[in-house]
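Model the full structure from these sequences, guided by the hints.
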Amino acid sequence: MATADSYLLAIGTKKGLWLATSPDRRNWSLSGPHFLMSEIPSIGIDTRDGRTRILVGVRSEHWGPTVFHSDDLGDTWNEPENGAIRFPADTDAALERVWQIYPDAASRPGVVWAGCEPISVWKSTDGGEHFELNRGLWDHPHRGEWGAGYGGAAAHSIVVNPDGANVHVAMSTGGVYRSLDGGTSWEPRNKGISAYFNPDPYPEFGQCVHKIAADAAVDGRLYAQNHHGVYRSDDNAESWESIAEGLPADFGFVMLTHPRRAGTAWVIPLKADGERIPPGGKLAVHRTEDAGASWTRLDEGLPAAEFNSVLRDAACVDTADPSGVYFGTRGGSVYASADEGDHFNEVASHLPDVLCVRAAVVTGAPAAGEQQAAAATVPA
Amino acid sequence: MVLPSVLVPLADGKSLLTAPADASVTVQWLLDFVAGNYPALSRRLRDETGAVRRFVNIYVGGQEIRRLHGLATEVAPGQEILIIQSVAGG
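Each protein sequence line maps, in turn, to chains A and B.
Heads up: the first sequence begins at 1 in the working numbering, then just goes up one per residue.
Heads up: the second sequence begins at 1001 in the working numbering, then just goes up one per residue.
I should point out that these hints are in silico values taken from the structure, not numbers from a laboratory.
One should not assume that every hint holds.
To be verified - Pairwise CB distance ranges (calculated):
hint, chain 1, residue 1, chain 2, residue 2, range
1, B, P1039, A, D139, 54 to 62 Å
2, A, D273, B, A1021, 55 to 63 Å
3, A, A305, B, A1088, 31 to 39 Å
4, B, P1020, A, E145, 45 to 53 Å
5, B, D1032, A, L36, 29 to 37 Å
6, B, W1029, A, D139, 45 to 53 Å
7, B, D1032, A, P141, 31 to 39 Å
8, B, P1039, A, D235, 44 to 52 Å
9, A, S239, B, A1088, 53 to 61 Å
Said to hold, decoys possible - Residues from chain A that keep clear of chain B, each with C-beta distances beyond 12 Å, as calculated:
hint, residue
10, E61
11, E81
12, L95
13, D126
14, G147
15, Y150
16, S194
17, D219
18, G280
19, A304
20, H350
On a predicted model such as this, the values are computed, not experimentally measured, just so you know.
Glycine residues also receive a C-beta, built at the ideal position from the N, C-alpha and C atoms.
Right, here's the structure in full:
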């Protein structure tokens, strides 16, 4: 039984959840599927308060969406009787899918955010067991003008700054919205981000942002991967500038930032909107260490040919030093790097489409990979 | 109410649920009754607005309620209603 510094990688797919554990981020044991035949569009691993809680958004085509959590690394799963996320009656809305589960900072234990479809942001103060709808965003006057991307209309990125006052949300399609009061009120912040598919290519809102991430070491610095366009903001999203130069393509879904180091981010380019494959069929991660001024192609350990794309939440980093980088493809392959992307090794292959991955360092807990594959399904 | 096997764990292991009624009741009344006793089961059948989920079929007298009167469809005392998931997915 692993007892210290195991690495946990949770893999959400179109047809269930797999959990992988490793002592070294190179050799992995896989368990699953959990929730077989349900899609897992979101995962949050909350390692605060001395325990590891895995939160998963689960969605069955038949039985609808819900949120489960496990405090024993997937041995057992629980959900509140009445559901963790339920639209209040006056909204006349129903939850379609949980796109994002975001445990807040260690200084705010118990706080977990969720981004959902229809476009909405939710906040839990009890570790993700019950969420409350953010009314400021739900009642925003722009709501009627927000649209749906191909995957649905959702708030898919939530970024909270260290003191909790600044909250950035990205939605498809609507763009980036910012709150300076902890989520009470919201304003669009998309200046400089192109919406080339609009008659006005630089509208106040309506951009199709695919993912945003914050620089952990530079206050007010954010990065965005858009539907064509890679951007950085150095002024808390007041304005954005392109950092796509040096990349083989400016399309993609992924945006990752280093857990501690300034200026370090990763993207996984796809050729174009109309050709959603790695450029030339050659999959590669690209890393910047100077806030987007230059990019380094990273493909060691990746297949010579790969025509599957990588979705917005199908990539993540861990908090170890050096940081691990992980991603999965729509072809069901999952890769891990223990050295910030310099080398990758395959964790799993031939899984269903990978929708999301999340990784964490787990200390003093049994490894999920040592358990039998759980048989949890959505109704259980 | 006859449940598919996949939902039985949400009804304390019961595949057949019964509700006390001396006269006809509506499907909605029955679903509300179920919700009071088995809220997790209820969420699999209907969303927050009360709408029956798209790929959940409810049969009364051999007819799916969407072809009858929806949630207002009446169920006579002693009559069974069947919950059957659609043939859907890939």
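Of the numbered hints stated previously, which ones are contradicted by the structure, given in increasing order? 1, 6, 9, 10, 11 and 12
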